[in-house]
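**Student:** Can you build the whole structure from these sequences, using the hints too?
2 protein chains.
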Amino acid sequence: MLTPAAARAQYRAGLIAPTSGHAPGFTQANLVVLPRDWAYDMLLFGQRNPKPVPLLDVTDAGSTSTVLAPGADLRTDLPKYRVWRDGELVDEPADVVDLWRDDLVSFLIGCSFSFERALLDAGVPVRNLEQGKNVSMYRTDRECRPAGRLSGPLVVSMRPIPAALVATAVQVTARMPRVHGAPVHVGSPEALGIVDNARPDFGDPVDAEPGDVPVYWACGVTPQAALMEVRPPFAITHAPGHMFVTDVPDAVYREP
Amino acid sequence: MLTPAAARAQYRAGLIAPTSGHAPGFTQANLVVLPRDWAYDMLLFGQRNPKPVPLLDVTDAGSTSTVLAPGADLRTDLPKYRVWRDGELVDEPADVVDLWRDDLVSFLIGCSFSFERALLDAGVPVRNLEQGKNVSMYRTDRECRPAGRLSGPLVVSMRPIPAALVATAVQVTARMPRVHGAPVHVGSPEALGIVDNARPDFGDPVDAEPGDVPVYWACGVTPQAALMEVRPPFAITHAPGHMFVTDVPDAVYREP
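The listed protein sequences derive, respectively, from chains A and B.
Residues in the first sequence are numbered consecutively from 4, following this note's numbering.
Residues in the second sequence are numbered consecutively from 4, following this note's numbering.
Note that these hints are calculated values from the structure, not bench results.
Keep in mind that a hint or two might mislead.
[To be verified] Here are the in silico distance ranges between beta carbons for each label pair:
(1) B/19 - A/154: 35 to 45 Å
(2) A/74 - B/134: 42 to 52 Å
(3) B/170 - A/200: 39 to 49 Å
(4) B/126 - A/105: 50 to 60 Å
[Stated by the list, open to error] Part of the chain A face toward chain B, derived, beta carbon under 10 Å:
(5) 103
(6) 128
(7) 180
As the structure is a prediction and not an experimental result, all values here were calculated from the model.
Each residue gets a CB set at the ideal place from its N, CA and C atoms; glycine is no exception.
**Tutor:** Quick look at the structure:
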């Protein structure tokens with residue numbers, strides 16, 4: 004098992020691979036990088052929508068480091084990035100050194116990988132992990148609370164949970180508000196405007212077992228959906244599943 | 004007992020009185036109002052220092068309303084305000100209608116009144132309430148994490164707690180992270196650079212009973228201390244003890 008620093012060193016050296024299961028026990032984070040001109044809107048969007056956008060750290064403009072992993076370089080230490088211009092995905096490079104600018108602010112956002120581990124620890128099966136798939140994610144018909152120029156739909160992830168363990172899953176994740184917290188909905192996809200659980204907007208379809216109930220959590224893809232809708236001139240994000248591995252133990256974000 | 008709306012209507016009509024004990028059971032908030040040009044620094048300061056600066060709401064520039072109390076007017080509905088120019092206190096008016104500008108952003112910040120009620124509910128005596136005094140507050144030698152132009156010391160409030168109930172006080176307040184959460188320190192004023200508990204920097208000296216231990220919580224006066232240190236050209240705050248009474252029940256900020 005790699006330490007977070009060793010995992011980041013591999014990505015920095017060129018390894019491109021999903022981070023799930025790498026450096027287990029340490030918090031992984033979504034990355035959104037925006038010009039300073041857009042940073043206030045993003046910061047306010049996170050403040051107003053803490054369930055989908057739990058901000059774990061926000062850097063100074065131009066800085067390439069974060070308190071979540073002293074010594075890490077945000078330009079090189081993720082396995083894969085996405086580059087957005089005017090809301091269009093234009094590249095998926097392994098580093099963004101050549102794209103870095105003095106006015107870029109980095110937002111590190113909590114990720115559900117942390118609570119999936121907590122679910123497993125509590126005896127709750129996580130079907131997407133069992134099936135070796137990415138989690139299913141959906142745009143909902145609920146709008147986030149807008150912030151300046153930023154607006155967009157709430158995006159949720161769905162996990163099929165055995166009915167007898169739904170209450171446990173709620174309790175376990177409720178204790179982790181910095182990584183999306185308690186579910187936003189249990190049971191009815193229609194209530195969120197989701198037409199078909201088998202056709203997610205992001206990620207993979209995940210098979211439910213007999214007796215499973217669909218449980219929906221606010222998802223860190225929400226800010227990416229807002230960026231796609233609002234189309235700022237320039238943005239960098241992590242590539243899906245290719246997260247920033249921090250030095251922060253998952254337990255730090257579990258409340259007593 | 005007044006409803007929050009009835010309490011605000013009295014202040015709007017001209018009543019000047021501390022809000023402690025008014026509309027009991029509803030969250031009261033600290034107010035900081037800054038020009039848009041300073042709002043990013045304040046928002047980042049809150050994001051980086053969530054224990055002293057738990058942001059409950061941040062308004063759109065120019066707006067006089069907040070989601071915490073639909074129908075309230077932030078310019079009139081607090082009993083007393085403070086007006087700051089270049090870091091100097093220049094006035095303490097009963098409303099700020101004539102001072103309002105389209106570029107002003109309001110920050111509503113969690114207040115320890117909420118957790119004092121939770122302490123009482125758990126059987127923990129609150130000496131400042133028993134003695135009819137304001138809580139004792141101190142500048143510490145710990146610096147907040149700076150944000151842009153904003154920096155300053157952590158300010159703490161101190162409550163003498165019977166030794167046998169310190170663990171209870173920690174547990175009760177730990178469940179309320181949006182209103183300062185668990186104590187930052189128990190026992191030694193020296194560890195925070197506090198010379199004498201009997202000489203607070205803000206508020207009143209509060210007498211300890213035999214067997215009490217001093218317990219220190221992060222305090223919502225912290226952003227005011229930063230403003231006094233950094234001296235932005237213009238700011239409005241609530242006057243100490245004269246808070247914004249919201250429509251949000253205290254229970255909303257108590258975690259399970």
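**Student:** It remains to establish, for every hint, whether it holds in the given structure.
**Tutor:** Structure-based check of all given hints:
1. B/19 - A/154: 35 to 45 Å: The hint (35 to 45 Å, Cβ to Cβ) holds, given that residue 19 of chain B and residue 154 of chain A are roughly 40 Å apart.
2. A/74 - B/134: 42 to 52 Å: Given about 50 Å between the Cβ atoms, the range holds.
3. B/170 - A/200: 39 to 49 Å: Between residue 170 of chain B and residue 200 of chain A, where Cβ atoms are some 45 Å apart, the hint holds.
4. B/126 - A/105: 50 to 60 Å: 55 Å, holds
5. 103: 20 Å, violated
6. 128: 23 Å, violated
7. 180: 8 Å, holds
This entry does not satisfy hints 5, 6, going by the numbered hints stated previously.
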